[in-house]
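K.L.:
This is what each chain is made of:
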Amino acid sequence: MANIMVRKDAAGAYSFYLPKRDLEDAIVSMEFDSADKWGGEIRLNNGGAYYIEPQALPGRFPISLRARRLDAPE
Amino acid sequence: MSELTREETEALIQEVLEVYPEKARKDRAKHLAVNDQSVEQSKKCITSNRKSLPGVMTVRGCAYAGSKGVVWGPIKDMIHISHGPVGCGQYSRAGRRNYYVGTTGVDTFGTMNFTSDFQEKDIVFGGDKKLAKLIAEIEQLFPLHKGISVQSECPIGLIGDDIEAVAKKGAKEMNKPIVPVRCEGFRGVSQSLGHHIANDSIRDWVLDKRDGQPFEATPYDVSIIGDYNIGGDAWSSRILLEEMGLRVVSQWSGDGTLAEIEKTPKVKLNLLHCYRSMNYISRHMEEKYGIPWLEYNFFGPTKIAESLRAIAAHFDDTIKEGAERVIAKYQPMMEAVIAKYKPRLQGKTVMLYVGGLRPRHVIGAYEDLGMKVIGTGYEFAHNDDYDRTIKEMGNATLLYDDATGFELEEFIKRIKPDLVGSGIKEKYVFQKMGIPLRQMHSWDYSGPYHGYDGFAIFARDMDMAISNPCWSKQTPPWKKLPEAAETSELKKVA
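If you read the sequences in order, they're chains G and A.
The first sequence maps to residues 1 to 74 in the numbering used here.
The second sequence maps to residues 1 to 494 in the numbering used here.
Derived by calculation from the structure, the hints in this document are not laboratory data.
It is possible that part of the hints are untrue.
Claimed, not checked - Quick list of in silico lysine-lysine cross-link-like pairs, DSBU-like style, CA-CA up to 30 Å: (1) G/K8 - A/K391; (2) G/K20 - A/K43; (3) G/K20 - A/K51; (4) G/K8 - A/K43; (5) A/K288 - G/K20; (6) A/K416 - A/K432; (7) A/K263 - G/K20; (8) G/K8 - A/K44; (9) A/K44 - G/K20; (10) A/K266 - G/K20; (11) G/K8 - A/K288; (12) A/K268 - G/K20; (13) A/K416 - G/K8; (14) G/K20 - A/K320; (15) A/K391 - A/K427; (16) A/K30 - G/K20; (17) A/K176 - A/K23; (18) G/K8 - A/K320; (19) A/K168 - G/K20; (20) G/K20 - A/K23.
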């Protein structure tokens, strides 16, 4: 499990930040993105994939979350 | 020398790598690259933030240097104890030129060195008692200090001292904050982790101390984050922001105080200059307090105007007008500077090897003077820094991460730039090779270089270095071509 931070960039798209590795990247796809179910498997621009426990849409961004690494290129 | 093509640059890298043993060559090859602006992600072309190879000469620092020297050290009204042996603090004392106002030794302590001076017995029996005594002594001798930070040197982590307990007890006794910082030098691969640790310790021990307290806010409150006031940089940045109508609540951490840091969560926008060393705290404040942050660049008129407009875009029309007013006000002054120096510097080439933000931020300033940066590299950058650098650098220019002494020398010997921007460790090596060098860490004892006023000084300094007559006197008269000497001799006679 890794601590990650999800924020919305200026254009309103989700971006991913992994503080431990200083890895900042765009989230290209998110499994669930609706008001009552948000999260699931997320895919990053660099090809990595993480899993966020599906939850209600966070009230504000950025938000720190726990995520499980499914597949990372590094 | 004329610019290299992509193939030539690639060949140069291969040639330089040839001397290494195979394993080292494989490792170093990942850290050297030819810039390609079409690459979106830097990690496809360059690897960074990795352990330096044993046996090569690196110029990196340690986590203690990143925490005490960079982030904490400039906070002027706190006392930063270099906890451990005496050398770490003494040999880095006041070397970074973080200017500040105040009476040193009375209410400010920036250039002083406080150390627990570990001896053999402290290693054997532990240094906690000594630290407690030191804290009591500081309180007695310097009653006007606002707080203490305990900057751990390597032995503290090795012998397992509990500095947190001592700090908590001492803070209670004297009713001032004491921040234990676990920035032992052996942590991480470079000073970069020290920045991160220092940011985290500010987050955990300082930042939330004034939450819920009254604060007379204005809609125009900003803070300058990641400007260490080297040679007065933060001051020449601050006046521009104030002139456009913003109120600078805090400076992190050049000429900064503890109170300013504690008040930062009340601002409306965090202005981040050195991304590498303080993005961590900006991200934290964005999440916890909802304060957006913005990277800006105050090197050279083009980038300053761009940044001022980007900053103003976060505020209402009065600030936007203010930004235009400031840009217009300094325009004639900048035109005069460029008119004076551009003809002397036009077309000259520069290679940079520094840390933090400068390898990409100063490119704009050189371009304003008509110069070209043909190689750049960071000591301790991460991938996100190179992501930002690739766009700034020209195609087919050279990128080097954590360059070794050998690589840097070979590159510069071959490429022969007109100027090198690096540090004191490189300065005399290259000047003896006949290539002018300006220190870009300490501005070569000059500065400030930020802001409009800084650009005038920057331009003058670069011209002084390049146009110095000594560079044409590198060959002694007896080694000059005889015909040339004879003709000049004849002319004199005639």
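K.L.:
A separate judgement is required for each hint: does it hold in the structure or not?
P.N.:
For each hint, the structure was consulted:
A hinted pair counts as satisfied when its Cα atoms are at most 30 Å apart, and G/K8 with A/K391 qualifies at roughly 22 Å. With a C-alpha separation of about 17 Å, the suggested pairing of G/K20 with A/K43 holds against the 30 Å cut-off. The straight-line distance between the Cα atoms of G/K20 and A/K51 is roughly 16 Å, inside the 30 Å bound, and the hint therefore holds. Distance restraint check for G/K8 and A/K43: the Cα-Cα separation of roughly 23 Å lies within the 30 Å cut-off, and the hinted pair is therefore satisfied.
Straight-line distance between C-alpha atoms of A/K288 and G/K20 comes to about 18 Å, which keeps the hinted pair within the 30 Å bound. Of the supplied pair hints, the one linking A/K416 and A/K432 holds, its CA atoms being roughly 13 Å apart against a limit of 30 Å. With a CA separation close to 27 Å, the supplied pair A/K263 and G/K20 stays within the 30 Å bound. Under the criterion of a C-alpha separation no larger than 30 Å, the hint pairing G/K8 with A/K44 is consistent with the structure, at around 25 Å.
Between A/K44 and G/K20 the alpha-carbon distance is near 20 Å, which keeps this suggested pair within the 30 Å criterion. At most 30 Å may separate the alpha-carbon atoms for a hinted pair to count; A/K266 and G/K20 meet this at roughly 27 Å. For a cut-off of 30 Å, the pair hint linking G/K8 to A/K288 stands: about 15 Å separates their Cα positions. Straight-line distance between C-alpha atoms of A/K268 and G/K20 comes to about 27 Å, which keeps the hinted pair within the 30 Å bound.
A C-alpha spacing of about 45 Å is found between A/K416 and G/K8, which places the hinted pair above 30 Å, so the restraint is violated. A hinted pair counts as satisfied when its Cα atoms are at most 30 Å apart, and G/K20 with A/K320 does not qualify at roughly 37 Å. For a cut-off of 30 Å, the pair hint linking A/K391 to A/K427 stands: about 28 Å separates their Cα positions. Between A/K30 and G/K20 the alpha-carbon distance is near 22 Å, which keeps this suggested pair within the 30 Å criterion.
Of the pairs offered as hints, the one joining A/K176 and A/K23 is violated, with about 52 Å between alpha carbons and a cut-off of 30 Å exceeded. Proximity of G/K8 to A/K320 is assessed by CA-CA distance (about 25 Å); at most 30 Å being required, the pair is judged to hold. For the hint pairing A/K168 with G/K20, the CA-to-CA distance comes to about 27 Å; that is within 30 Å, so the pair holds. Distance restraint check for G/K20 and A/K23: the Cα-Cα separation of roughly 28 Å lies within the 30 Å cut-off, and the hinted pair is therefore satisfied.
Going through the hint list in order, the structure does not satisfy hints 13, 14 and 17.
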